[in-house]
Amino acid sequence: MTLTIENLRIAAAGAVLVRDVSLTLEPYRTVTILGETGSGKTLVAEAAMGTVAPELAVSGRIADGGEISDAADQGARRGAWGRRIAMLPQEPWVSLDPTMRSLAQVAEGHRFVRGLGPGPARRQARADLASLNLAAGDDRYPHQLSGGMAQRVAFASARAGGAPITLADEPTKGLDATMRDAVVALLRKAVEEGGSLLCITHDIAVAKALGGEIIVMLKGEIVERGDADTVLVAPSHPYTRRLVAAAPENWPTATATATASVPGDVVLEGTELAVSRNGRRLFSDLDLAVRAGEWIGVTGPSGCGKTTLGNVLLGLMPPASGRVRRRAGVASTRFQKLYQDPVATFSRHVSLRTALAETTARHRVSFDDVMTLLERLRVPVALLDRRPDQVSGGELQRVSLARVLVAKPIFLFADEPTSRLDPITQQETMDVMREVTRERGCGTLLVTHDRTMAERITERRITLGSDLA
Amino acid sequence: MRRAASLAENGTWWAPWIGGSLVGIVVLAALLGPLVVGADPNRQDLAHVLMGPSREALLGTDQLGRSVLARLVYAARLSLSLGAMAVAAAAIPGIALGLAAAFAGGWTDRLVSSLADAILAVPGLILVLLIAALAPGAFWPLFLGLSLIQWVEWFRMTRAASRSALASPAVEAARLLGFGPWHILYRHVLPDLLPLFGILGAFGLGSAVLSLSALGFIGFGLRPPTPEWGSMMVEMLPYWNEAPLALLMPPLCLLTLILGLQILARR
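Taken in order, these protein sequences are the chains called W and Z.
For the first sequence, this note's numbering gives the first residue as 1, with consecutive numbering after it.
For the second sequence, this note's numbering gives the first residue as 1, with consecutive numbering after it.
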């Protein structure tokens with residue numbers, strides 16, 4: 001079955017969000033749409049499903065199998081749901097029914113979408129789960145599944161209706177490398193079995209692993225398209241070149257860029273640290289010394305205690321055993337933290353200017369110093385009069401950095417500070433963070449699920465959770 | 001589309017206007033009524049009992065010849081002021097203890113929470129009746145009883161909302177940056193609590209006024225001849241077919257006020 005989208009155009013009042021997008025997806029083929037937040041890539045997937053928000057004007061034609069419909073007639077797409085097109089949910093632990101066991105969850109699709117009887121539906125569901133190495137998990141509820149298992153159950157139940165076309169919108173968002181590879185393998189398997197895949201992502205590594213055709217979108221338009229081997233290796237459009245260069249694997253390595261990599265004094269030291277969660281030991285006997293100006297990477301799978309390690313070093317929680325020693329005679333406010341979601345770290349009720357002004361007043365620093373710093377971090381001054389949720393993620397993370405630097409930190413715990421940013425913004429933000437912290441002699445502990453990125457920008461790395469399954 | 005979205009989020013746009021008008025009528029009557037009506041609510045005129053509407057008594061007279069309108073507006077005064085005082089007397093300790101429990105945690109939290117749970121275990125109106133029995137017909141036991149059942153609500157809501165605000169990354173970041181508890185209270189906790197206080201205040205006032213009338217209705221309210229909606233209703237019950245208006249007006253006033261407060265609080 002072939003999915004065809006012709007001359008798709010989606011407009012809001014006063015702005016065209018998607019302009020003239022056409023694509024053809026044939027069996028055994030993969031099409032990957034690459035682009036940053038706001039490029040319109042998700043809207044293309046929504047148009048294929050017929051779930052574009054009703055206030056947007058949609059035009060163009062969509063066809064799958066023999067059925068051709070006007071893209072504006074979104075109701076007509078409903079018949080395709082689960083039968084011809086399956087949508088893979090982004091966060092499976094949210095999309096699974098918490099009151100249903102895995103087997104019932106998958107059998108439901110076979111029974112009510114495909115129309116099998118109750119017995120055959122259960123047999124088929126059992127076979128599906130077994131083929132995904134989930135035979136042992138078929139009587140578990142979603143809360144009893146690990147993240148990876150939940151992903152596979154969601155995959156099996158999305159495809160149980162027998163849809164040959166799979167649509168995946170950011171299927172690897174927020175996943176660590178191991179889980180990301182597992183999801184990519186699942187998607188590839190579906191294609192090898194004769195299906196076809198439309199994948200939306202901003203992760204170059206995923207696009208590369210999936211292969212097939214790449215479509216690069218920028219501001220609602222296709223700027224480049226072609227075979228993965230061509231587009232990702234020898235990009236021709238300047239935007240694609242930047243996008244490919246922003247993938248962590250293409251970053252210059254830390255040793256090459258570290259100008260003054262002479263390690264400074266120890267600012268923080270943890271000895272024989274051990275951390276437990278819910279009675280389970282996450283790691284033990286960890287010795288770690290952070291020196292002024294150096295970057296240490298902490299990587300490992302989700303739930304291995306990366307963030308906990310940082311919080312223990314900051315004194316936000318006690319270790320199960322071991323001790324943390326800070327450099328003597330230094331104010332406690334010189335140990336700081338950057339968060340994954342900067343919006344949640346500011347008061348929603350006041351402007352960024354107020355938040356920064358309160359911080360400079362608390363630390364008796366002139367507000368002009370922050371303004372100089374913001375200029376250095378390339379944050380437009382006009383942003384300061386907005387509230388935290390009215391600013392883009394990359395800009396807000398840089399404002400957070402400026403706020404934290406007011407306290408003149410000697411240690412900074414950066415907890416996945418760029419994982420919600422698209423690759424170009426991520427690279428810009430990381431670059432400027434590294435530059436400013438090095439220059440001020442601030443030792444930084446970077447927690448990330450992206451091992452490649454950690455290898456590129458940190459001098460030393462700690463991998464946690466190797467003894468966990 | 002914008003209209004549809006705002007309907008889904010905030011209820012209907014006119015709801016606050018309706019709620020505000022209903023409450024406004026009763027409040028205005030309570031504030032200005034005594035000046036406009038002029039009559040003494042307790043002046044008996046046994047020659048003109050159970051009269052229909054007249055120039056002297058716009059809503060007629062009751063079984064002792066007192067002006068129904070005058071009694072209604074004085075009763076509104078009484079209900080609103082007693083209700084507002086009960087709400088204030090419940091809100092102040094409730095908010096203070098809620099904040100203390102959320103900030104201090106540990107034993108403080110456990111102690112105050114257990115106390116609140118113990119009070120919740122006794123049905124509200126029964127508690128007020130128990131206290132009212134100490135000094136039947138007096139003003140202060142009613143006020144004390146109403147405050148005593150209402151502070152629990154203020155305490156529990158304040159504690160729950162403060163705890164979730166205090167657990168947010170914004171507060172953790174503020175603490176790391178060296179901000180003290182007063183800054184955190186003022187910048188991160190109170191702004192989240194204020195809308196909640198508006199809702200609790202409206203509900204609390206409504207339920208205090210209703211309780212007061214309920215107590216008056218069952219004869220445990222303020223001592224006669226104090227004009228009060230609940231006791232006015234009971235007094236007029238035997239004369240329902242002679243002076244229906246005098247019987248209908250007190251519940252109608254109560255309905256107007258409570259409905260208005262509920263609509264305002266629901267927003």
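FYI, nobody ran anything at the bench for these hints, they're computed from the structure.
Some clues are possibly wrong.
Interface residues of chain W toward chain Z, partial, derived using beta-carbon atoms under 8 Å [what the hints assert, rightly or not]: (1) Q336; (2) Y339; (3) A344; (4) S347; (5) S351; (6) R364; (7) V365.
Even for Gly, the Cβ is constructed at its ideal location relative to N, Cα and C.
Going down the list of hints, with the structure as the test:
1. Among the interface hints, the one on Q336 (chain W) holds; its C-beta lies about 6 Å from the nearest C-beta in chain Z, closer than the 8 Å criterion.
2. Annotation: Y339 (chain W) was flagged as interfacial toward chain Z, and the flag holds, the nearest CB pair being 5 Å apart, inside 8 Å.
3. For A344 (chain W), the interface hint holds, the least distance from its beta-carbon to any beta-carbon of chain Z being 4 Å, beneath 8 Å.
4. The beta carbon of S347 (chain W) comes within 5 Å of a beta carbon in chain Z, closer than 8 Å, and the hint placing it at the interface holds.
5. Nearest Cβ of chain Z to the Cβ of S351 (chain W): about 12 Å, over the 8 Å cut. The hint is violated.
6. Interface restraint check: R364 (chain W) against chain Z, minimum CB-CB distance 11 Å, threshold 8 Å, status violated.
7. Below 8 Å, beta-carbon pairs count as interface contacts, and V365 (chain W) has none with chain Z, the closest being about 12 Å; its hint is therefore violated.
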